[in-house]
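Visitor: Could you put the whole structure together from the sequences, leaning on the hints where they help?
2 protein chains.
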Amino acid sequence: MSEQELMKRLSLNQITTEQWNLKEAVEGSLRHDIEWISVWRHKIEEIGLKASKRLIQDSGLKVSSVCRGGMFPAPTAKERAERIDDNKRAIEEASELGTDTLVLVCGPSPDRDLCAARKWVEEGIDQLVPFAKDHGVKLAIEPLHPMFVADRSVINTLEQATTMAQNHAADEVGVIVDVYHVFWDPNLYHEIKRAEGRILGFHVSDWKVPMADMFKGRAMMGDGVIEINRMRKAVEEAGYHGPIEVEIINQALWDQNGDDVLKQVTSSFKKHV
Amino acid sequence: MSEQELMKRLSLNQITTEQWNLKEAVEGSLRHDIEWISVWRHKIEEIGLKASKRLIQDSGLKVSSVCRGGMFPAPTAKERAERIDDNKRAIEEASELGTDTLVLVCGPSPDRDLCAARKWVEEGIDQLVPFAKDHGVKLAIEPLHPMFVADRSVINTLEQATTMAQNHAADEVGVIVDVYHVFWDPNLYHEIKRAEGRILGFHVSDWKVPMADMFKGRAMMGDGVIEINRMRKAVEEAGYHGPIEVEIINQALWDQNGDDVLKQVTSSFKKHV
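Protein sequence lines correspond, in order, to chains H and S. Its first residue numbered 1, the first sequence is counted upward by one per residue in the UniProt record's numbering. Its first residue numbered 1, the second sequence is counted upward by one per residue in the UniProt record's numbering.
No lab work stands behind these hints: they were computed from the structure. If you're wondering where the values come from, they're calculated on a predicted model, not measured in any experiment. Any given hint could be a false lead.
What the hints assert, rightly or not - Straight-line Cα separation of at most 30 Å, DSS-like style, residue types lysine-lysine; simulated pairs:
no.	chain 1	residue 1	chain 2	residue 2
1	H	K271	S	K119
2	S	K50	S	K119
3	S	K133	H	K78
4	S	K233	S	K193
5	S	K119	H	K233
6	S	K193	H	K193
7	S	K119	H	K208
Guide: Right under this line is the structure:
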């Protein structure tokens, strides 16, 4: 793929510029010739769905995904039902913003029983699929790094996510491959291959040693140890040729000027993705 | 199993009382009716192997393991050969101290290529097996949590460790199940079962949210989210009935009086293991 073709796939995952609101992120993306954006729900909420939709439509930016649905496990049936309702709103937002991909961060367990929590995730997805389908939205299960099992998601390997996705049709439920979450996996390339036809997104950042912060410590591509380029080629061989989201959760980047961040993003993307 | 039988299996992994030298750890264990100890090599080095051996023999304590061999991957053949030599010394130390178990922390990759590093681990173990066998020592591969892939070990799941162990006879190479490193694994109970006859040690601590420190943030049993008791029963069903090492790497514990730490260790062990 030419450098130009690659750069046309870059999508700004909005959490990378957490210091910006949606308007700033949209305008920043245009200034840096970025064609795609992934929109976070807390940013939509700040200005409302209608204004968000108008902003994006006027900009000509394409939306690669909405982040995020999920968070299924909860101790009571009532709370789990509330989570489903919230996911339905997320599906509506994705549909309104013109993307067919809702990223699912599936949620931690309310107690020590990981098996029960994983069952609730499965049940939650089962319940959502018909609603998502009606709205033209696919559910994209993102396995999170095992270090997040206790506070963010009980879905921790690509194997687990793909197996869960396979309970449904390929145009209903798929997976996100985020290099930061899966690069360590001894079965990684086998599992990427197994996810063929199910990959709904590819996210990039890097893993730098030492890790400053488990949550806000993701690094710019090229600053860490992840074989990003090899993984990009593997997901392409598995049939994914869509937008590539740069999703870097990093306090040091949030403390910088957003335009400086986007300069680093585009330059690192060119070299290391 | 009666509480008394369970307590007879408690082993003090010496890193839990990093503030103590070997003499203090041995005497502390005796004061708290602990029958087993796992000895770390940097503690042996402080006083020498001969003095360490005498201390332990005089105390009547049994040695559950020596921590640690491993650290196989290195960029040059010369360096990898040096690592093998160091592992041979570790095997001799284990043998001298009267344990048949050397714990392997297999080491990080010197560069981005995890596949190559994992191959070096495999080759390193292949080279060590005859020497270890001659000394009556088994090599115990300890999978480390995936968050340590870049700085401590490229062996990150029980599946991977067991598969690697199966290249050799069951009385030559096995695995360590450490709850902190493997509790997140969606295939955990399946993999414990698959490791039947290969489990050479069971280590306990806990995973507390939020994690204060990736390396020195392990918690006392019962203070976190790990189903320790369920895992203990699973490794027993898979044939392991040996010592259970309490291995808590935690700066806050190291800052306390060692006897206070051992009081917490024995009390938490009784309740939560």
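Visitor: Quick one, are K133 (chain S) and K78 (chain H) close enough, alpha carbons at most 30 Å?
Guide: Violated. K133 (chain S) to K78 (chain H) sits at ~59 Å, over the 30 Å cutoff.
Visitor: Between the alpha carbons of K193 (chain S) and K193 (chain H), is the straight-line distance 30 Å or under?
Guide: Measuring from Cα to Cα gives roughly 27 Å; hence the hint holds.
Visitor: Given the hinted pair K119 (chain S) and K208 (chain H), is their alpha-carbon gap at most 30 Å?
Guide: Distance ~23 Å between K119 (chain S) and K208 (chain H) Cα, so the pair holds.
Visitor: Between K271 (chain H) and K119 (chain S), is the straight-line Cα distance small enough, at 30 Å or below?
Guide: Holds. K271 (chain H) to K119 (chain S) sits at ~28 Å (cutoff 30 Å).
Visitor: CA of K233 (chain S) to CA of K193 (chain S), is that 30 Å or under?
Guide: Judged against 30 Å, a Cα distance of about 11 Å means the pair holds.
Visitor: Check the hint pairing K119 (chain S) with K233 (chain H) against an upper bound of 30 Å on the C-alpha distance.
Guide: holds (22 Å)
Visitor: Holds or violated: K50 (chain S) with K119 (chain S), Cα cutoff 30 Å?
Guide: Judged against 30 Å, a Cα distance of about 35 Å means the pair is violated.
The structure fails hints 2, 3 (numbered hints given earlier, in ascending order).
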